[in-house]
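Each chain is listed here by its residues.
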Amino acid sequence: MNDTTPATARIRDGVPLLEMRGITKRFAGVVADDGVDFDVRAGEIHTLFGENGAGKSTLMRVLYGFHHPDAGEIRINGSPVSIASPADAIRHGIGMIHQHFMLVNTLSVADNVALGLRSSRGPLTEPGRVSERIRELSATYHLQVDPQALIWQLSVGERQRVEIVKALYRNATLLILDEPTAVLTPQEVDDLFTVLRRMAEDGKGLVFISHKVREVLGLSDRITVLRAGHRIGTLPAAGATRDQLVQMMVGHALPARELAAETGFTAETPKRAPADRPEPAPPGPGTLADTGTPTAPGIGSVARGVGRAGTVAAAGAPRLVVRDLTVRGDRGADAVRGLSLAVHGGEIVGIAGVSGNGQRELAEAIAGLRRPSSGSILLEGTELAGGNPARARLAGLGYVPEERMRDGVVPDFSVAENLLLVDSHEPAFSRLGFLRSGEIRRHCEELVRAFDIRTPTLEAPARTLSGGNIQKLIMARELSREPRVLLVAQPTRGIDVAAAAYIHDRLREQRARGVGVLIISEDLDEVMALADRILVMYEGAIIGEAAPGASTRESIGLMMAGVRPEAPADAGSWATV
Amino acid sequence: MIAIERSLDTPRWQRIALPFASLVLAAVISGIVLLVSGHNPIATYEQIYAASFTSSGALTSTFVYATPLLFTGLAAAVAFRMRIWNIGGEGQLYMGAIGASGIGLLLGSWPTLLLIPAMMAGGVVAGALWALIPGLLRAFLQTNEILVSLMLNYVAGLVMYFLIYDSQSYWRDLTSPTALVFPTGKTLAASATWPGLTIGTFTLPLGFIAGAVLAVLLLVLVRGTRFGFEMRVMGDSTSAATYSGMRTRRIILAVMALSGALAGLAGASQIGDFGHVLDPRGLEQAQYGYTGIVVAALALYNPLAVVVVAILIGALNNAGFALQGPGFPPGLVGTMEGIILFSVLGGEILGRYRIRVGSRVRPPETQAELDAAR
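The listed protein sequences correspond, in order, to chains E and F. Mapping the first sequence onto the numbering used here, position 360 (from 1) lands on 360, and the numbers just tick up by one. Mapping the second sequence onto the numbering used here, position 236 (from 1) lands on 236, and the numbers just tick up by one.
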């Protein structure tokens, strides 16, 4: 069992572990899944691939008993079953690892695993037995988990392992993993894949949901592509190509350039073909040489001349300078620790990193939402540190927040009101304290048209829009103010491919117009596709810098995991924390 | 199978029809209560209607009750609409009464035309300042405004009693023979009496007219002005308000002051329209501040609806007072108010859901599902 069997050999023939036949699920008359067939064999990793809203999650929520299908049949080991609730699903040996972990932070791992289970000692708990069983499972599947650790002490990767242990503890034979890699470092992803392969070898069936092509091709045995609620096809991963998959996913061929940029698929050669850069340009002064080592750009002293299409030569003083910034996080510890960076006009600087390394606090500090404990944030000479959002906007900052539905829009407000959100004081929109509804309407109609916001009317509440359209709405609002510096946190998280491509185009357009763009994203593919310079953030500071064309994804991945690049002795402030 | 699911959009007709349907339901439930207690519901309702509107002087006294409720209802509605829970309307009303009566006594020699606005200003300022105490504490120290404003009601009551019973204050009558027997406040000069609008036997108090005008102005403020826009943003999403650069503290303070000012006007109107004397016991027993919360809730925080609801609840209170006696169940009015509140708010919540007969359905729970549902 320990030797790595070829994928084809470990899959058990005979009756599939799971068969879903003709599953149809409608919400308020709209079809989320339309007659979808799906099956998983024992020992198989079967991926569900598709855009947001393609019906992947709905299908799996039907399987896990969150939804009752309008039509269709579910068979487990050949016999039809009715799954009315997650409890039924668990009884049938189905386990689900949710994107958002369902763990009680203040309890131990063992307590979380035992939660909701019957104890053999009646009303008394049996922590000893639970811990022992967890250790057994950990050993069998290489899942390092300490049963006594409290959840809040664990990293995201460890918490995910707890979720897996929870499912295994309940004797799951079929595991559903809903975008499990979204929150992990590349190294953690590798560890997870090892665990998943090991579980498949053990005869378990796995359903893997993802929209990252590389992972899907690397991990799966078979891939089922869904689009708009329909099954487009199921194919063995061995013969599949990324182009094929992406075309099946989006239904039309994206231009080659977009394809590479949006799917993040990179050639297998370590040196990435700069697919989104039509003219390979010699690096200007201050850009990185192709060595992948970080330089130490003295703030404001780097004359940059990135001579490539669509890029305004970013020379002269930087637009945004962050110096020695320290910001306290919600838990009281410093989340940003002496961070420095500079953004010039006409460039996109990308901050990569695993979430929780201070990115959120950095963004909030720049936007004036969080008061730094020390350091400075200069936007063309205006000090933003310790200010407020109004001052930051006045100084020329456009900010697209990470939490779209919480900060970016008021969900119950209309599209028009949300477009007005930050501009209500502009003389164009209010006179003597009264809102000028005619002007506002004209302005909003124009923005809806210009940014292709798909909404039935201006009066529709924002919450009825899709994630992509909400992000377009926020972008429209921020860009209409013609910012000098644009800060975008998680530009396309949870957004479908088409809208994401659109947003990326708009960000490049801003760069071409000479705006200094700072993007913060957990999606390394996105950062690599967009940024001229990549800064990797780790434990509150910039651990290293890389140019997307020059560095391999692996070296950035290492930095994201906290491995300091081999820096020359005089590497300077970037590499020192 | 029958399932209840959340409806994504409530049709407009439903939003209007629902409160009325709830009122009918409340009447039916109250009718059952009456039947059980051995009364004829139809006859009792006829009695109530007559005592509220048709019998001699009934309409005038209905508005005596409705006027303070209009102000305290508006005070609660404007704060609650933006999720600032000012429960202190009662205390702010007391302070408004103290302020307005103080001004009325001090400037008693002024002509009525000047004295009335001065008294109103006295009530507004006193109420607003009293409301700013919980407002400031909430804005700067994140204290719970529900607790602070509620406690301050008792403090305001004690201040009022102190002025009349336990001190030789400016408000207390120390000269007249009755005041020597029992402590009372000084009665204001005739010039401080607010004139009402008299149509035949019916008198519409000046306070009610002012309150109705204010209700319209509040609607314009909320719907049509930048301040109203910011208020609504803050009510719906504090984080979005902060993100968009709104000065949230300033908005909290402004709303608390506005709410307090409206409650203060209730106190001023009690002095100018009706009492002409600072009467701690009367004000305390009336509990207009607390009933105003009920009025605001029934009106679903809509200022214009507050006007209607204030008349309705005023009528009920008036009837309860006029009819009290052996033939009329004591506590019926309170029971009815409770039932009305219950069914209107219950109807409002249920209106957000719809009943679906057929296969089992759950509401979409994630954004992806909402997208899918669209």
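Hints are supplied without guarantee of correctness; some may be wrong.
Unchecked claim - Sample of chain F residues lacking proximity to chain E, with all beta carbon distances greater than 10 Å (derived):
#1 Thr60
#2 Ile133
#3 Tyr165
#4 Ser167
#5 Phe229
#6 Ala240
#7 Ser244
#8 Gly245
#9 Gly275
#10 Leu300
#11 Leu304
#12 Gly327
#13 Phe328
#14 Gly331
#15 Thr335
#16 Gly346
Stated by the list, open to error - To give an idea of the chain F side of the interface with chain E (calculated C-beta under 10 Å), a few residues:
#17 Ser169
#18 Tyr170
#19 Arg172
#20 Leu219
#21 Arg223
#22 Arg226
#23 Phe227
#24 Gly228
#25 Glu230
#26 Val233
#27 Asp236
#28 Ser239
#29 Ala241
#30 Thr242
#31 Met246
#32 Arg247
Stated by the list, open to error - Here are the simulated distance ranges between beta carbons:
#33 Asp190(E) <-> Leu345(F): 50 to 58 Å
#34 Thr241(E) <-> Leu345(F): 57 to 65 Å
#35 Val104(E) <-> Arg223(F): 38 to 46 Å
#36 Gln247(E) <-> Leu219(F): 25 to 33 Å
#37 Pro117(F) <-> Glu426(E): 46 to 54 Å
#38 Arg15(F) <-> Ser437(E): 16 to 24 Å
No lab work stands behind these hints, which were simulated from the structure alone. We put the CB at the ideal spot given by N, CA and C, even for glycine.
Practice problem: Mind listing which of the numbered hints don't hold for this structure, in increasing order? | Solution: Per hint list: 5, 6, 7, 8, 17, 18, 19, 20, 36 and 37 violated.
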